[in-house]
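Line by line, the protein sequences are chains A and B. Every letter in the first sequence is one number past the one before it in the UniProt record's numbering, and letter 113, counting from 1, is 113. Every letter in the second sequence is one number past the one before it in the UniProt record's numbering, and letter 316, counting from 1, is 316.
Do not rely on the hints blindly, as some may be mistaken.
Mimicking BS3-like on lysine-lysine, the simulated pairs with C-alpha atoms at most 30 Å apart in a straight line are [stated by the list, open to error]: (1) B:Lys-447 - B:Lys-185; (2) B:Lys-427 - A:Lys-427; (3) A:Lys-194 - B:Lys-427; (4) A:Lys-198 - B:Lys-185.
Beyond 10 Å from chain A on every Cβ pair, some chain B residues (computed) [said to hold, decoys possible]: (5) Gly-143; (6) Glu-201; (7) Ser-228; (8) Leu-230; (9) Gly-232; (10) Asn-263; (11) Gly-266; (12) Ala-267; (13) Trp-310; (14) Ala-325; (15) Lys-346; (16) Lys-409.
Footprint (simulated), chain A over chain B, 3 or more residues, beta carbon under 8 Å [stated by the list, open to error]: (17) 203-213; (18) 428-434.
If you're looking for bench data, these hints aren't it; they were derived computationally from the structure. Only a predicted model underlies this, so the values are computations on that prediction, with no experimental measurement involved. All residues carry an ideal CB built from backbone N, CA and C; glycine is no exception.
Number of protein chains: 2
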Amino acid sequence: MLHTLLQRFLSSSVFVSSPTQISYFSSIRFDPDRFPMAANTISLSISSSSPKTLHSLQTPRGGLIPPPTSISFPKSLSLSSTAISRSRVRAGPSQLINEPANAMTSSPIPTIVEVDLGNRSYPIYIGAGLLDQSHLLQRHVHGKKVLVVTNERVAPLYLDKTVHALTFGNPNLTVESVILPDGEKYKDMDTLMKVFDKAIESRLDRRSTFVALGGGVIGDMCGYAAASYLRGVNFIQIPTTVMSQVDSSVGGKTGINHRLGKNLIGAFYQPQCVLVDTDTLNTLPDREMASGLAEVIKYGLIRDADFFEWQEQNIEALLARDPAALAYAIKRSCENKADVVSQDEKESGLRATLNLGHTFGHAIETGFGYGEWLHGEAVAAGTVMAVDMSYRLGWIDDSIVERVNNILKRAKLPTTPPESMTVSMFKSIMAVDKKVADGLLRLILLKGPLGNCVFTGDYDREALDATLRAFSKS
Amino acid sequence: MLHTLLQRFLSSSVFVSSPTQISYFSSIRFDPDRFPMAANTISLSISSSSPKTLHSLQTPRGGLIPPPTSISFPKSLSLSSTAISRSRVRAGPSQLINEPANAMTSSPIPTIVEVDLGNRSYPIYIGAGLLDQSHLLQRHVHGKKVLVVTNERVAPLYLDKTVHALTFGNPNLTVESVILPDGEKYKDMDTLMKVFDKAIESRLDRRSTFVALGGGVIGDMCGYAAASYLRGVNFIQIPTTVMSQVDSSVGGKTGINHRLGKNLIGAFYQPQCVLVDTDTLNTLPDREMASGLAEVIKYGLIRDADFFEWQEQNIEALLARDPAALAYAIKRSCENKADVVSQDEKESGLRATLNLGHTFGHAIETGFGYGEWLHGEAVAAGTVMAVDMSYRLGWIDDSIVERVNNILKRAKLPTTPPESMTVSMFKSIMAVDKKVADGLLRLILLKGPLGNCVFTGDYDREALDATLRAFSKS
C-alpha cells in the first residue's frame with residue numbers, strides 16, 4: 001500500500017520498490033505534475049492498520065508549488081509486506097512493524113487488488129467487515145467535505161455505518177448525503193441533477209470527495225457526477241452488490257443512460273479506491289445475487305478457463321452465499337478486471353472483451369424497458385446469444401455452448417431474451433452501440449478453446465441474422 | 001505542423017525534431033498508448049498547403065493492434081519550416097517543398113500557436129479566410145461523421161461555409177448539425193441534451209467528430225458534449241467571437257451553468273485544433289467585440305505588461321476592427337493562454353490566474369441573471385473590483401488602478417457592477433466559486449509592478465468587505 005499511496009503523489013523514479021515489498025528510503029522528490037497543488041497542506045501517511053503521519057508539507061501561499069523539493073523520512077523506517085496476491089496483479093498490504101492497531105474494531109487484513117494505471121492507480125480492498133475499519137476509507141478522503149450518493153434501498157442498511165466510518169476520530173469532516181430512487185430506470189440526467197443540486201447547495205468545493213454507496217447504478221451515476229462536478233472531484237466506490245463488486249465499480253467507466261441507449265453519456269474517471277465489504281451481500285436479494293454471477297461467469301469465458309471450471313464446481317456455493325467462495329470469486333473477478341483495465345483503460349480494444357453478451361444484453365435492457373430485467377439477467381441471455389453466434393461461425397465447439405447454458409441455468413439466470421423482443425428491435429438498438437465504428441458493429445465472440453475470445457467486426461452477417469432469428473421473433 | 005500531427009499518433013522518442021524544423025526520418029514505431037486503436041485504417045498526412053498521404057496502415061481485424069510496429073517513409077522526403085513564432089510557444093507552419101497548392105482558394109499561411117500538452121497537444125490556426133482552406137479542418141476530422149454544434153445567430157452566417165469546408169473533396173463525410181438557441185441563459189443541461197439527442201439520432205459513433213461553431217457558450221457546451229458522448233469523442237473549435245478566439249476556445253475548459261453558479265458542471269477536455277478565422281469578426285456586434293477585449297486586457301494585467309502597453313496604444317484600432325491590430329491581439333492572447341495551459345492544464349495553481357476579475361464577474365452574471373450582461377462586461381467590472389481590492393491591500397500603486405479604469409472605459413466596458421447587486425449577493429454566490437478550497441475563497445489579485453498577480457486565499461478579509469461595500473449596496 002505504501003507504494004500505492006506514494007505513487008499518487010510522487011515521481012515514481014525516486015523510490016525503490018518491488019511489487020510486494022518496500023524496505024527503506026531516505027528522501028523523496030515531489031513531482032509537480034502529480035502533486036495536488038490546490039492543497040495547502042500535504043500529509044503523507046502510511047500503514048494499513050494505523051494511519052501515521054510521516055511528514056507534513058506546507059505548500060507556499062497561492063497554491064503554487066516551487067520546483068521539485070526534497071523531504072526526508074526517518075532512516076529507521078521499516079516496512080514489510082505481509083501478504084502476496086497473484087503475481088500478475090500488483091498487490092499486497094503493508095504494515096508498520098510494532099505499531100498497535102487503533103481502528104474501531106479489530107482489523108482483519110483485507111485482500112488488496114491493485115488497479116495499475118500509473119499516477120491514477122488505486123486499490124480494491126476486499127473482505128468482511130471492512131466498513132468497520134474507518135482508516136481504510138479515511139486515508140482516501142480528500143478535503144473536509146464528503147457527499148455520499150446512495151439510494152432508498154441501501155440508505156437504511158448502510159448509510160449510518162458509512163458516515164460513522166468516515167467520521168470516526170475525524171470530527172472535522174462534514175458528511176452530506178443524497179438518496180436517489182432505486183433502479184436502472186432512474187439512471188438518467190434528471191436524477192443526476194439531484195446529485196449536482198445537493199453538492200452545490202452543500203457548497204462542496206474542488207477538494208471534496210464523493211462516495212458511491214450502492215450497486216452499479218449508484219456507482220455509475222456518482223462517478224459521472226464526480227467527473228463533472230467543478231470539472232472533477234475525487235470519489236470512492238463502496239459497491240454493495242455482487243454486480244458492482246466484481247465489475248462496475250472497478251475501472252472508471254461512469255455514466256448515465258439515454259432513452260435511446262444504455263451508458264451513452266459518461267466519462268472514464270477513476271476512483272481513489274474501491275472498498276468491497278462482503279458483509280453487505282448478506283442483505284442482497286437472491287435475484288440480484290444471481291445477476292452479479294453473470295459477470296463472474298463472463299471472466300471465465302473470455303480469459304480465465306481455470307476460473308470457469310472452478311465456477312462449475314462452486315456455483316451452488318456462490319448462490320448459497322458461502323463466504324469463502326464469494327470472497328474468492330470477487331477477488332479473482334477483480335484481478336481479471338484490473339488486469340484488463342490496466343492494459344487498456346479507454347477501451348481501445350482489449351477492454352471491449354469485457355462486454356461479452358453486453359451488446360445483445362443492452363438491446364434487451366433498452367428495448368424491454370430499463371429495470372424490467374436486471375443487468376446481469378440481460379447479460380446472461382446476451383451471452384447465450386453471443387455463444388450461439390460463435391458456434392454458428394464455427395469458432396467454438398458445441399461442448400462450450402452446452403457448458404455455458406448449463407452454468408447460467410444453475411445460476412438461475414435466463415438463457416433467452418424476453419419474448420417481446422423482435423429482430424428489428426435488436427438491430428435498431430444495436431446500431432447505436434458504443435462499439436459501432438464507422439457504421440460497423442463489432443462484437444465480442446468466443447473463438448478457440450474455452451477462455452478465448454475476439455473483439456471483431458469481421459464476421460459473416462448471416463450468422464448474426466441467424467442468431468437473432470433463433471432467439472427472437474421477426 | 002508535421003511535428004504536431006505526428007506527435008498525436010507516435011511515440012515522441014523516435015523521430016528527430018526541433019520546434020520549427022523537421023528534416024528527415026526513415027522509420028517510425030507506433031506507440032500503442034497513443035495510437036487510436038479503434039480505427040481500421042490510419043493515414044498519415046502532412047503539409048500545410050496540400051494534404052498528401054504518406055502512408056496508410058491497416059489495423060488488424062478486431063481493432064487490436066499488435067505490439068509496436070515499424071513503417072518506413074520515403075527517404076527523399078524533405079520538409080522545411082517557413083515561419084517562426086515567438087520563441088516561448090512552440091509553433092510554426094511547415095510545407096512540403098515543390099508541392100502545388102490544391103485547396104479551395106489560394107492559401108495564405110495561417111499563424112499557428114501550439115498548445116503543448118504532450119500527446120494531447122494541438123494547434124490554434126489564426127488568420128483571415130481560414131474557413132476557405134478546407135484542408136485545415138479536414139486533417140483534424142476523425143471518422144466519417146461530423147456533428148456541427150452552432151446557434152441561431154451563427155448558423156445563417158457560417159454553417160454552410162463550415163459544411164463546405166468539411167466536405168469539399170471529401171464526399172464520404174456525413175455532416176449533421178444542431179442549432180441551439182443563442183445566449184448564456186441557454187448554457188444549461190436542457191440545451192445540452194439537444195446535442196446528445198441529435199448525436200444519438202444521427203447514430204454518431206466513437207469515431208465521430210463534434211465541431212463547435214460559435215462563441216464561448218457554444219464552445220463550452222459542444223466541448224462538454226464531446227467529452228461525455230460515448231465517454232468521449234473528438235472535437236474541433238471554430239470560435240466566431242473575440243471572447244472565444246482569445247480565451248474560451250483554447251485550453252479545454254468545457255461545461256455548463258447551474259442555476260446557482262457558472263460553469264459548475266463540466267470537464268477538462270482538449271480539442272483536436274482551434275481554427276480562428278478572423279473574417280468571422282466582421283459580423284460581430286460592437287457590444288460582443290468590446291466584451292472580448294476584457295479578456296485581452298486581462299492577459300496584459302496578469303502576465304504581459306508589454307502587451308498591456310501595446311493595448312493602451314491600440315485600443316481604438318481594436319474597437320474599429322483594424323485587421324492587423326486584431327490579428328496581433330488574438331495571436332498574442334492565444335500565446336499567453338497556451339503558455340499558461342501548457343504549464344497547468346487542470347488549474348492546480350497558475351492557470352487560476354487567468355480568472356482575474358472572474359470571481360466577482362461570475363457573481364454578477366449569476367446574480368444579475370445569465371445573459372443580461374455579456375461575460376466580458378461582467379469580467380470588466382470584476383477586474384476593476386479585483387484591482388480596487390489589490391490597491392486596498394497595498395499591493396499595487398494607484399497608477400495601475402487608474403490605467404485599468406481608463407483602458408476599460410475606452411473599450412466601452414462597464415467599470416462598476418449593476419446597481420441591483422448587493423454585498424450579500426456577492427458573498428453567497430462567491431461561496432460556491434470553484435476556487436474555494438476547504439471553505440477558503442481564493443482570489444486573483446494584482447501585486448507588484450504592472451503584469452504581476454497572485455492567486456491566494458491569504459489576504460485581509462476587511463479589504464474584500466471594503467471592496468464589496470464600495471461597489472454594491474449592503
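### Query
Out of the numbered hints, which ones does the structure contradict?
Per hint list: 1, 2, 5, 6, 7, 8, 9, 10, 11, 12, 15 violated.
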